[in-house]
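> The residues making up each chain are set out below.
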Amino acid sequence: MSKKTARNQILLTVPMIVIMGAVIGWPLIRTILLSFTDAQLMDSGTSGFVGLANFRNAITNEGFLASLKISAIFAFVVVTSEMILGTAVALLVNEPFKGRNLLRAFLILPWAVPTVVNAIMWRLIYNPEYGALNSLLTQLGLIDSYISWLSSANMALGAIIFADVWKNFSLVALIALASLQTLSSAQVDAAKIDGANALQRFGYITLPHLIPSLQVALVLRIIEAVKVFDIIYIMTKGGPANRTRSGSIFVYQEAFTNSRMGSGATYAVIMVALIMIFILFYMRIITKKR
Amino acid sequence: MKKTVSVLVVLLLVIGIVPMFAAGAKEGTDAGKIKLRFLGMAQAAYSEKNVNDMTDDFMKANPNITVSTEFVPYEELRNKTMLAYGSNNPYDAVLVDDIWYAEYASKGMLYDITAKVPASYKEGVLAGAWNVTTKQGKVLGLPWFLDTMYLFYNADMLKKAGYTNPPKSIEEMVDMARTLKAKKIVEYPFVFSLAQAEALICVYANFLEAFGGSFQDASGNYILDTSGVKALEFLVSLKNEGLLNPNSLEYLEEDVRRVFSSGDAAFTLNWAYMFALATDPAESTIAKEAVKVMVLPGAKGVKDFAAMSGSMGLSVLNQSKNPEAALQYILHLSSKKVQDAYSDLQLPVWTASYDDPKLAVGREQLVEASKKAFSIMNVRPSEPNYQEASAIIQQYVQRALYGEITPKQALSDAVKKVKEIK
Numbered sequence: 001m002s003k004k005t006a007r008n009q010i011l012l013t014v015p016m017i018v019i020m021g022a023v024i025g026w027p028l029i030r031t032i033l034l035s036f037t038d039a040q041l042m043d044s045g046t047s048g049f050v051g052l053a054n055f056r057n058a059i060t061n062e063g064f065l066a067s068l069k070i071s072a073i074f075a076f077v078v079v080t081s082e083m084i085l086g087t088a089v090a091l092l093v094n095e096p097f098k099g100r101n102l103l104r105a106f107l108i109l110p111w112a113v114p115t116v117v118n119a120i121m122w123r124l125i126y127n128p129e130y131g132a133l134n135s136l137l138t139q140l141g142l143i144d145s146y147i148s149w150l151s152s153a154n155m156a157l158g159a160i161i162f163a164d165v166w167k168n169f170s171l172v173a174l175i176a177l178a179s180l181q182t183l184s185s186a187q188v189d190a191a192k193i194d195g196a197n198a199l200q201r202f203g204y205i206t207l208p209h210l211i212p213s214l215q216v217a218l219v220l221r222i223i224e225a226v227k228v229f230d231i232i233y234i235m236t237k238g239g240p241a242n243r244t245r246s247g248s249i250f251v252y253q254e255a256f257t258n259s260r261m262g263s264g265a266t267y268a269v270i271m272v273a274l275i276m277i278f279i280l281f282y283m284r285i286i287t288k289k290r
Numbered sequence: 291m292k293k294t295v296s297v298l299v300v301l302l303l304v305i306g307i308v309p310m311f312a313a314g315a316k317e318g319t320d321a322g323k324i325k326l327r328f329l330g331m332a333q334a335a336y337s338e339k340n341v342n343d344m345t346d347d348f349m350k351a352n353p354n355i356t357v358s359t360e361f362v363p364y365e366e367l368r369n370k371t372m373l374a375y376g377s378n379n380p381y382d383a384v385l386v387d388d389i390w391y392a393e394y395a396s397k398g399m400l401y402d403i404t405a406k407v408p409a410s411y412k413e414g415v416l417a418g419a420w421n422v423t424t425k426q427g428k429v430l431g432l433p434w435f436l437d438t439m440y441l442f443y444n445a446d447m448l449k450k451a452g453y454t455n456p457p458k459s460i461e462e463m464v465d466m467a468r469t470l471k472a473k474k475i476v477e478y479p480f481v482f483s484l485a486q487a488e489a490l491i492c493v494y495a496n497f498l499e500a501f502g503g504s505f506q507d508a509s510g511n512y513i514l515d516t517s518g519v520k521a522l523e524f525l526v527s528l529k530n531e532g533l534l535n536p537n538s539l540e541y542l543e544e545d546v547r548r549v550f551s552s553g554d555a556a557f558t559l560n561w562a563y564m565f566a567l568a569t570d571p572a573e574s575t576i577a578k579e580a581v582k583v584m585v586l587p588g589a590k591g592v593k594d595f596a597a598m599s600g601s602m603g604l605s606v607l608n609q610s611k612n613p614e615a616a617l618q619y620i621l622h623l624s625s626k627k628v629q630d631a632y633s634d635l636q637l638p639v640w641t642a643s644y645d646d647p648k649l650a651v652g653r654e655q656l657v658e659a660s661k662k663a664f665s666i667m668n669v670r671p672s673e674p675n676y677q678e679a680s681a682i683i684q685q686y687v688q689r690a691l692y693g694e695i696t697p698k699q700a701l702s703d704a705v706k707k708v709k710e711i712k
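Protein chains in written order, with the numbering used here: chain F, 1 to 290; chain U, 291 to 712.
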């Protein structure tokens, strides 16, 4: 590479570095700086440096730890369900059958629905007076009376998880399907001739082929699920009795409802640090693939 | 080539950076024209259409002022006001709940209009209404509506159960509810807005008042762990007895209105706006004549009636570049003429409006109830960190309603937590 080309490359990346520095770098640095202060939402610059006090409080705050646990449960159940369901659906629509292309087109629909719309839609479906889910389950004879899904302390999180899985499993399915398209049919046919049954073919040929793509989907979905905010905020706002208050909802409440920007920033920094672990995994997978 | 690259870099920088700064470009006046921004609440009364119509009239009368209006749900109103205030594009005028005045005032957000309120407003608006918008002797806003949660009941259901008169006490109301349930007239006689939100506090606060309790003592210390237990025990007992619709724990006011208007509840608490909608055949399946409204009766031997304020005012924000024009705008919105014209869903704050017999036509009982409520109305705590205290109380009240802990334990824990933040 000539000197001139190298210089041009650097010059052309300058605008992106400046833009990213302004919209990502500066807010991140500001949040980290805030996390060491007792800043209030509108303190007119009267906040003071408190060292690591916010971090000490954060790791002993029962509410924050409970909300992290909710985020972890949410992420684990959502991602596991989406991986299994997404892979199964991808395998299904990879098989030749009439209407396959139409089904593939429909597959993208749930993922294309904006999260806010999805949350409102499921709130209506779960409505305890006229919701479609209660009506369906009653007609099928599975329940005797209408259930209040989102006000049940035990079921609210499950109801939100179901709504999120419905929306996002198709992303996993699409990624898996794209990977399946590159699987050599000759390999599968050879295994058939060798007498491998369907389960063996899946375990020894299809799954190993799918794993690199699924790893990417897995990490991306974990990152999204750990920082979940919008679907919960719209469906329950963290209730009932804080049973669905995720880490991100906790951060929002601390910073904006309680007006404590300093400690709100601390909780946000801890959340980012946790998410960074998964981002590092993601980077490793991507690098390996190259 | 070198020149081309340099031009390309500059172009990319301009495309990328300029919009960021353009977003914060100075707004306010444009060739002598004043631009105002108003933040209101997306609600039934006054509705967005009502406020926009009022605003259009204002702009017609003041062609040099343009007002753009925005509306958000109640749950977002405070946060949006505060976040916008801290930005370089704050609102000029906002709608403020009575519980937020102390917080906004402590942060110096509100424009002091003490010396600017016209005498006609000072004398004409209901005296008690000024308590909502006045903090430490300073008038920080104009009262826009006085409200409380009224008791709505279905008279047809009560009649079927053999009752011709409304309940005179909380105990009598519960007896009626038991009869209604026993006679299978309605499965759940009560429905309340008990979702984890301020609506829950409003319901609880009304029963707190009915049982003679209060949030704080004279020194501002929360005393719910002693004076608030009866009210919470009452709500828990309604749930345990199967008298309270269990879905109440996810309901806000609009959900409650729909349940009552569908004939699935005999009693509920809601704001004044519900009366017009519950008696509107397009919005309600129950007979207009069956919808009755009154001030919540008190507990036997404690008090006759109870009411807790849910009033709101209009204020100009200190960061407004055109505070005088913004004041002119909120004076218009809260003027007697405008309030009388839009009194269908919201009762005016003007004393003289109640002298006009037209105001009460078709809703005599609501006007009568409001007069009584305004004279006895108490208020929720008005202090800078009320919002956080409220969030804590909401959580513990819900835990008691779910039966996870006893009402006494819930309120003890809540008071302990509130003390930690104070």
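Note that these hints are calculated values from the structure, not bench results. Beta carbons: idealized from backbone N, C-alpha and C, even for Gly. Among the hints, a few may not be true.
[Unchecked claim] Think about it this way: if two alpha-carbon atoms lie no more than 25 angstroms apart in a straight line, the pair counts; the simulated DSS-like pairs of lysine-lysine are:
#	chain 1	residue 1	chain 2	residue 2
1	U	Lys412	U	Lys425
2	U	Lys370	U	Lys397
3	U	Lys458	U	Lys593
4	U	Lys370	F	Lys237
5	F	Lys69	U	Lys706
6	F	Lys237	U	Lys325
7	U	Lys707	F	Lys237
8	F	Lys69	U	Lys707
9	U	Lys370	F	Lys227
10	U	Lys627	U	Lys578
11	U	Lys712	U	Lys578
12	U	Lys582	U	Lys698
13	U	Lys611	U	Lys406
14	U	Lys428	U	Lys578
15	U	Lys450	U	Lys428
16	U	Lys648	U	Lys626
17	U	Lys325	U	Lys627
18	U	Lys626	U	Lys590
[Said to hold, decoys possible] If you want a taste of the chain F side facing chain U, the calculated C-beta under 10 angstroms gives, among others:
#	residue
19	Tyr130
20	Ala132
21	Ser135
22	Ser152
23	Lys237
> What's the verdict on lysine 626(U) and lysine 590(U), does the C-alpha distance respect the 25 angstroms limit or exceed it?
violated, 39 angstroms
> Holds or violated: are the alpha carbons of lysine 582(U) and lysine 698(U) at most 25 angstroms from each other?
Violated - the C-alpha atoms of lysine 698(U) and lysine 582(U) are around 34 angstroms apart, more than 25 angstroms.
> Please verify whether lysine 648(U) and lysine 626(U) have alpha carbons no more than 25 angstroms apart.
OK: lysine 648(U) and lysine 626(U) at ~14 angstroms, within 25 angstroms.
> CA of lysine 712(U) to CA of lysine 578(U), is that 25 angstroms or under?
violated, 47 angstroms
> For the pair supplied as a hint, lysine 69(F) and lysine 707(U), confirm whether the alpha-carbon distance does not exceed 25 angstroms.
Distance ~21 angstroms between lysine 69(F) and lysine 707(U) Cα, so the pair holds.
> For lysine 370(U) and lysine 397(U), compute the direct alpha-carbon distance and say whether it is at most 25 angstroms.
holds, 15 angstroms
> With a cut-off of 25 angstroms on the C-alpha distance, tell me whether lysine 370(U) and lysine 227(F) pass.
Holds, at about 22 angstroms.
> Between lysine 627(U) and lysine 578(U), is the straight-line Cα distance small enough, at 25 angstroms or below?
Violated - the C-alpha atoms of lysine 578(U) and lysine 627(U) are around 28 angstroms apart, more than 25 angstroms.
> Measure nothing beyond the straight line between the CA atoms of lysine 370(U) and lysine 237(F); if it is 25 angstroms or shorter, mark the hint as holding.
Holds - the C-alpha atoms of lysine 237(F) and lysine 370(U) are around 16 angstroms apart, at most 25 angstroms.
> With a cut-off of 25 angstroms on the C-alpha distance, tell me whether lysine 325(U) and lysine 627(U) pass.
holds, 24 angstroms
> Decide if the proposed pair is consistent with the structure: lysine 450(U) and lysine 428(U), CA atoms, cutoff 25 angstroms inclusive.
With Cα atoms ~53 angstroms apart, lysine 450(U) and lysine 428(U) exceed 25 angstroms; violated.
> Please work out if lysine 458(U) and lysine 593(U) have their alpha carbons no farther apart than 25 angstroms.
holds, 10 angstroms
Figure legend: structure checked against the earlier numbered hints; hints not met, in rising order: 6, 10, 11, 12, 14, 15, 18, 20, 21.
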